[in-house]
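Asks: Read off the chains here:
There are 4 protein chains.
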Amino acid sequence: MQFVIVSVVAGNPKPRSRTLDAATRVATAVTGTAPDHTIDVIDLGAALLGWGDPDVAAAVRSVAESDLVVFASPTFKATYTGVLKLFLDQFETGEGLRDVVAVPLMLGAGPAHALAPTTLLSPVLSELGATTPAPGLYLLDSTYETDGRAEEYAERWGRALVRAASR
Amino acid sequence: MQFVIVSVVAGNPKPRSRTLDAATRVATAVTGTAPDHTIDVIDLGAALLGWGDPDVAAAVRSVAESDLVVFASPTFKATYTGVLKLFLDQFETGEGLRDVVAVPLMLGAGPAHALAPTTLLSPVLSELGATTPAPGLYLLDSTYETDGRAEEYAERWGRALVRAASR
Amino acid sequence: MQFVIVSVVAGNPKPRSRTLDAATRVATAVTGTAPDHTIDVIDLGAALLGWGDPDVAAAVRSVAESDLVVFASPTFKATYTGVLKLFLDQFETGEGLRDVVAVPLMLGAGPAHALAPTTLLSPVLSELGATTPAPGLYLLDSTYETDGRAEEYAERWGRALVRAASR
Amino acid sequence: MQFVIVSVVAGNPKPRSRTLDAATRVATAVTGTAPDHTIDVIDLGAALLGWGDPDVAAAVRSVAESDLVVFASPTFKATYTGVLKLFLDQFETGEGLRDVVAVPLMLGAGPAHALAPTTLLSPVLSELGATTPAPGLYLLDSTYETDGRAEEYAERWGRALVRAASR
Chain H
1 MQFVIVSVVA GNPKPRSRTL DAATRVATAV TGTAPDHTID VIDLGAALLG
51 WGDPDVAAAV RSVAESDLVV FASPTFKATY TGVLKLFLDQ FETGEGLRDV
101 VAVPLMLGAG PAHALAPTTL LSPVLSELGA TTPAPGLYLL DSTYETDGRA
151 EEYAERWGRA LVRAASR
Chain X
1 MQFVIVSVVA GNPKPRSRTL DAATRVATAV TGTAPDHTID VIDLGAALLG
51 WGDPDVAAAV RSVAESDLVV FASPTFKATY TGVLKLFLDQ FETGEGLRDV
101 VAVPLMLGAG PAHALAPTTL LSPVLSELGA TTPAPGLYLL DSTYETDGRA
151 EEYAERWGRA LVRAASR
Chain Z
1 MQFVIVSVVA GNPKPRSRTL DAATRVATAV TGTAPDHTID VIDLGAALLG
51 WGDPDVAAAV RSVAESDLVV FASPTFKATY TGVLKLFLDQ FETGEGLRDV
101 VAVPLMLGAG PAHALAPTTL LSPVLSELGA TTPAPGLYLL DSTYETDGRA
151 EEYAERWGRA LVRAASR
Chain E
1 MQFVIVSVVA GNPKPRSRTL DAATRVATAV TGTAPDHTID VIDLGAALLG
51 WGDPDVAAAV RSVAESDLVV FASPTFKATY TGVLKLFLDQ FETGEGLRDV
101 VAVPLMLGAG PAHALAPTTL LSPVLSELGA TTPAPGLYLL DSTYETDGRA
151 EEYAERWGRA LVRAASR
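Residue numbers (full-length UniProt numbering), protein chains in the order written: chain H, 1 to 167; chain X, 1 to 167; chain Z, 1 to 167; chain E, 1 to 167.
The reader is advised that the hints may include incorrect statements.
Repeated chains share a single entry, so a pair holds when one copy, or any two copies, can fit it.
Here are the simulated DMTMM-like pairs of lysine to aspartate or glutamate, each with C-alpha atoms no more than 25 Å apart in a straight line [to be verified]:
(1) 14 - 53
(2) 14 - 43
(3) 14 - 152
(4) 14 - 55
(5) 14 - 99
(6) 14 - 155
(7) 14 - 36
(8) 14 - 95
No wet-lab data here; the hints were simulated from the structure.
Predicted, not measured: the structure shown is a model, and the values here were computed from it.
The whole structure should be built from the sequences, with the hints applied where relevant.
Replies: Now the structure itself:
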């Protein structure tokens, strides 16, 4: 288990966001160690709007070569952000996340969008070829640090996720 | 692996349907052996409309105690059938499919609904607590016996599914 | 406006449910008059599991001939019920709700499934040919009688709904 | 009817795309006249990644002040693009498209994603407050110019759309 490579991807237009922090906490809670790679998508800037940028390609590669990745987004318009989708659009359909175990994570201000990680974000990750054993996780951005939900999720799903990610 | 208990659930209003046949083929292709239990939901009849029927309870239990289950439906109105959902409504939210690896399968007349198993059926199985490592599978009801798609799916996802289902 | 024919359809396995009551309130709030037809789906019983029953056909016809219909369901497993879907499966794809303005309504115990009427129920009604100008409405089954949400929805969307329904 | 203000929004990372062309054709087929405003989202460039840019604000305003808008995207990863979502993220939740009749349009290489405009794009437009009487339209990017589907859609839904858009 200690050889699983873990990454987090945060798709918030604000750098160093609570989204990124929550993703890091979830990755740590699920795997027991801090993530190896962190992609704060907004750092890639305008290169996300086109194809072929080397920094974007390097970020895509580090995600594709991970064993387990937390993909995190705030909730904008009842679903994941355009910023996160821009990054996901850079992966190859059906192949880009092959052999990657993906954890869909969304944060929001209230409970109304709790379904979105499972019904909206998870299918996109599936389309990229990811393995998605667990449902998505939805956290409240005002309480995620202390409400214990990330830990409950890790307790419920951590074993299945790490097992799927172990080669 | 030979100890994985495998079931198929088919939610077609017609008994002995192509849905059931396709589900059995997929279960066999994925696991290498014929399913241990077969639930043709329509056989449960009017008891599905209420709660507490012993035959329904026995069917629910045999599914809940399986390690890997193919949940299959024809495509009605761009999604799974009312008959299948009636049966799924009998399971306990978050717990009814705990420790069950679920494979969402839908059949249809044309390709337009290929997304439905992943975006519509899979989230319901997640809500029941199932582990869903692989995307859903969509088969054409006119060609599934010979088009090789069930075998491709088994080739692509069988190892991850059986691994997740093995205790 | 007084010539708009209004119906409510409630898909709760319990007859005379809060689902039916809420649907009636929403229809009344939106149109200003009590519904002309009420279909409590569970009353149709085991005939829903097959095709060609005359009572089911009469219920389908009365809905199809309405101008505005509230389709209501409790939230089971994060989506509409099998009972409601059984009834919807009786309509012809693309045509069964032609010229019907549909209002998707779901009730639940908590706020987590607030998206479901718009993302899950509304597309099924669209697939049947319905006109769906407004988003779905989600009500809490413990407070819908007094929390004013049905009235807010009627205030926000009533004019567009009635206008679309007027011939 | 001649006073309806019509816009098209195309969210393709390539400027002057087939997406934009198809959106213009659909708007014209539905309303009988060429669109008044055209937003090729990619023209807004890196300003889409932040908030408060005056060109983005002007584009948002011209859409918000329209009566009928075709929102168009190619299919990337089984859903709309990150580029389109970036632009939609600039609108105010529940209000940004108030009194706008929205037509969700997606183009793809094959028929497998035909559901996406109705199940994925339409709910985002609803969340922004748009009126969405008609289902989404999915066109094949290789045949949309001649296959007659845009015209069929206009025939089936044009009257309801224009009526909803007329003040």
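Asks: It remains to establish, for every hint, whether it holds in the given structure.
Replies: Verification of the supplied hints:
| no. | hint | verdict |
| --- | --- | --- |
| 1 | 14 - 53 | both (21 Å within a copy, 15 Å between copies) |
| 2 | 14 - 43 | both (9 Å within a copy, 22 Å between copies) |
| 3 | 14 - 152 | neither (27 Å within a copy, 34 Å between copies) |
| 4 | 14 - 55 | both (19 Å within a copy, 20 Å between copies) |
| 5 | 14 - 99 | neither (30 Å within a copy, 30 Å between copies) |
| 6 | 14 - 155 | neither (30 Å within a copy, 36 Å between copies) |
| 7 | 14 - 36 | within (22 Å within a copy, 34 Å between copies) |
| 8 | 14 - 95 | between (29 Å within a copy, 23 Å between copies) |
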